[in-house]
Each structure stands twice: as C-alpha cells, then as structure tokens.
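Peer 1: Order-wise, the sequence lines are chains S and L. As numbered in the working numbering, residues 2 to 109 make up the first sequence, in order. As numbered in the working numbering, residues 2 to 114 make up the second sequence, in order.
Treat the hints with caution; some may be incorrect.
[Stated by the list, open to error] Computed footprint of chain S on chain L; a stretch qualifies when at least three of its residues, placed anywhere within it, have a C-beta under 8 Å from a C-beta of chain S:
id, segment
1, 22-29
2, 40-46
[What the hints assert, rightly or not] Now the stretches of chain S that chain L is said to cover, found in silico as 3 or more residues with beta-carbon under 8 Å:
id, segment
3, 10-21
4, 60-73
5, 83-94
6, 97-109
These are calculated hints, taken from the structure and not from any lab test. Ideal Cβ placement from N, Cα and C applies to all residues, glycine included.
The lines below spell out each chain.
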Amino acid sequence: GIQVEQSPPDLILQEGANSTLRCNFSDSVNNLQWFHQNPWGQLINLFYIPSGTKQNGRLSATTVATERYSLLYISSSQTTDSGVYFCAVKDSGYALNFGKGTSLLVTP
Amino acid sequence: NAGVMQNPRHLVRRRGQEARLRCSPMKGHSHVYWYRQLPEEGLKFMVYLQKENIIDESGMPKERFSAEFPKEGPSILRIQQVVRGDSAAYFCASKGQGSQPQHFGDGTRLSIL
C-alpha cells in the first residue's frame, strides 16, 4: 500500500514561532487531508488539499502532487496549537492512509 | 448541522464481553468508514460501508469483529469476546458522493479490564 512519512516526529516551539510540517507519500493520490488531534483526542479537519495551496487563518497548506509531498505551515503558534498533526492520503482505494504524525508542543 | 456522531464516547468492558460502537454519519452522507487508533499510533483503516453493503473490510481482524450499516439507523462496529489488545480509540468517518473529504467523529475510547 501507499506509504506516508511525516517529519519531524516531534517539535517544541515557543509561543509566537512559525513552523513547517512535512508529509511525503510514495504514490499518486486523489485525496490528501491534514488533521489536528487535540489533547482530548478529537480529530479536527484542517485541510482537504489533494493539490495546490490553501490558507485558513494562521494555518496554510501546500501539496505538490507531482513531487509527492505536502507541507503544513503554522504561523505565530499558540499553546492551543499543541497536539498531534496527521497527514492522511488516499490513492485509488477507499481508505485514508495515515502517517505517524508530528507531535507539537507550544510552550508559553 | 450536526457532524459525525459517535457513541458512547467511552466504553469499559471486561474480557470476554461484547462491545458495540455506534456511528451516525453526517446528514446526506452515505459512505461510512471505521478506523482504529492504538496508543501512540496513527489511525488504521478497518472497514468501508455503504447502506446495507460492506464495500471493503480488508483492515478488519478476521475473527470477533463485524460491522454493519443498515438501511435505517446508525452504523455499528461490534467486537465479540473482547481482549485487552482491543483497547483503543475507534473513529468513524463519513463522506458524501464524489471527491469529498472524510469527516471524522470524536471517537469511542474502548478500555478492556
């Protein structure tokens, strides 16, 4: 099946800093989603972005499908951004394939 | 405009009992997916259903696990004779027709004593 690698695995930021999270995938995809899993375990949809660039407030994402990667940008980070960020992709099958996530801790 | 609803949020069972997890998809969605998240891991696909049909169950364990999505009512994930290794968070997602994102519920945390 399709492989999904996320980097870095762990990240510690001071409040106000910016960061870039990366997702590499091994094959062509027709769906790519970014999620934030908060400390309560809820999975929050951030972006549906099989290609192109999108922005939502302090967050933005870019997927370069031809080069098989996606980037999630977090600007002016806040403590509430802490949690695990997952990239998930779907090829021609039915299921989303999740990476192992980037665990982010934003300190005051 | 309710999202994907899962219940219960937390479920505690003793070894050997049955666990039933429910999922009501978003209004207008006819595609339902179940995923399992073991501690400190990402989500793994289990099964994909449409109304009254199992489309892909390639991620389901061969024994003790079953899923259904009846014509009326929620989708059910059923685990018989639970064991300690079944302790996990179980997430349900739903999707509309065509190229749409999957929307996830808040999950059911299953603990086996």
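Peer 1: Hint by hint, which ones does the structure fall short of?
Peer 2: 1, 3 and 4
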